[in-house]
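**Student:** Read off the chains here:
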Amino acid sequence: MNGPLKLVLIFGTIVGGAGWILTAPSTVESDMLATVSADVERGKTVFYASGCASCHATPDSQDDAKLRLGGGHAFKTDFGTFYAPNISSDVTAGIGAWTDEDLANALIHGTSPEKRHYYPAFPYTTYAQMTLEDVASLRSFLSTLPAVATPNTPHDVRFPFNIRRILGGWKLMFTRKGWVLDGDLTEQQIEGRYLVEALGHCAECHTPRNALGGMKRGSWLAGGPNPDGKGTIPDLTPAGLDWSEGDIAEYLKSGFTPEYDTAGGQMVDVIENTSQLSDAERAAIAAYLKALPVQ
Amino acid sequence: MKRVSFVTALGLTATIFLGAATAHETDNPAVTARMAIMQLYANNLGQLGAMAKGNVEYSADAATAAANNLGLLVQLDQSTLWPAGTDTDSISNTRALPEIWQNFPDVMAKGKALSEAVTAMQAAAGTDLASLQGAMGALGGACGACHKAYRAPE
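Chain order of the listed sequences is C and D. Okay, so the first sequence: first residue is 1270 according to the working numbering, each after it adds one. Okay, so the second sequence: first residue is 55 according to the working numbering, each after it adds one.
If we strip away everything but chain C, and leave its shape as in the complex, we get (with noise of 0.2 Å):
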């Protein structure tokens, strides 16, 4: 073996190491958990602010039955199209078998109990935010939810997409630590700011993102083009909306705009989670958002 050829061969040994090493799914220690309580009243306001049902209850399911998490719901995207896994306390077709622990690694780490790269389409990025006690009182409420025995649909994503491992190298990227508003804040738009970053994933949608889809942090809820085709999505920061903090209350609590005009699309459903909120919560959200900076 010649020489440039060892070299190239030592140099591409020591960057995949590397990158097989960076690209590793990371988990929570196991001793965090430990000293944790849950509290299932707790967990049911995590359920609604974090809006799981939207995507894991069993599509166009009313009422009651969107407290059936079996899955199933399917999002095209560029990369693919993805299912929503059931999520019901089944212990086979769900995650009734799961830990606190696993619930941690899934929501903070977007690691599998199989220590595999969950596919952002299930926003992680966000819920890494989110504090071990509300982890374990999710879980907590989770459980008193039926089983449901609908198998999970496996993804259908495209080459190079469908290697997990990759996903190692866009969290990386693109996986959020800490708070984008930050500075001086009053406690209500520190919970606001806690029910938006960390639970709510209101940025997941109103947030532009790149090529790679990645947020653009600088345009941190700042709305654009709708990737879904049809329109836009709308501006939340105080550039955009200038609807006064009661009236983003309510719309958050009944639907309906200053206009008296109604949610539509989407937003139908965020605003059935977010109606399950108290009022001080939703003041909470209309007040983190008349604190975002002018963009």
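Hints are not guaranteed to be accurate.
Said to hold, decoys possible - A few chain C residues that face chain D, going by a derived Cβ cut-off under 8 Å, partial list only:
1. 1519
2. 1523
3. 1528
4. 1533
5. 1537
6. 1540
Bear in mind the hints are in silico, worked out from the structure with no lab data behind them. Ideal Cβ positions, reconstructed from N, Cα and C, are used throughout, including at glycine.
Given the coordinates of chain C, assemble chain D onto it according to the supplied hints.
**Tutor:** Below, chain D without anything else, positioned relative to chain C:
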């Protein structure tokens, strides 16, 4: 050869223009009238909403009047206001999706849900502010359910 492709291109262009021309603006009075009914809903909901939000002081009489107007609006016979050919595929100045005409029993079921939410508001509006506020959610949900399924995004 060049000439043929030019003719083909001309034909294609004409087809595209004709295709676009099928969704024309209409001054069909039925379309205007159904939009006007929506405006009347918004106007009365706005009076209730202003009280719910605390922008206007609660008045049992004013709230009851607005709720009763909604009660009249849900009773309007709209059977002549939704003629065939007034959906988003046919005309440009509407957001009414063709699915309305394809799923008529479901549209009626959603209309019934609205009627029930309005009845609940009629009972709540004159009781007290908290009752009024409590009834807004179901009303918004009923409006939104139909808009989600049957109205095109802006």
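**Student:** Work down the list of hints and note, for each, if the structure agrees.
**Tutor:** To see whether the hints hold, each was checked on the structure:
1. With a least beta-carbon distance of about 5 Å to chain D, the hint placing residue 1519/C at the interface is held under the 8 Å criterion.
2. Residue-level restraint check for residue 1523/C holds (minimum Cβ-Cβ distance to chain D is 3 Å; threshold 8 Å).
3. At a threshold of 8 Å, the smallest CB-CB gap from residue 1528/C to chain D is about 6 Å, leaving the interface hint in force.
4. For residue 1533/C, the suggested interface contact is upheld, since its CB lies about 4 Å from the closest CB of chain D, less than 8 Å.
5. Below 8 Å, beta-carbon pairs count as interface contacts, and residue 1537/C has one with chain D at about 4 Å; its hint therefore holds.
6. The criterion of a C-beta within 8 Å of any C-beta in chain D is met by residue 1540/C, whose closest approach is roughly 7 Å, and the hint holds.
In this structure, none of the earlier numbered hints is contradicted; all agree with it.
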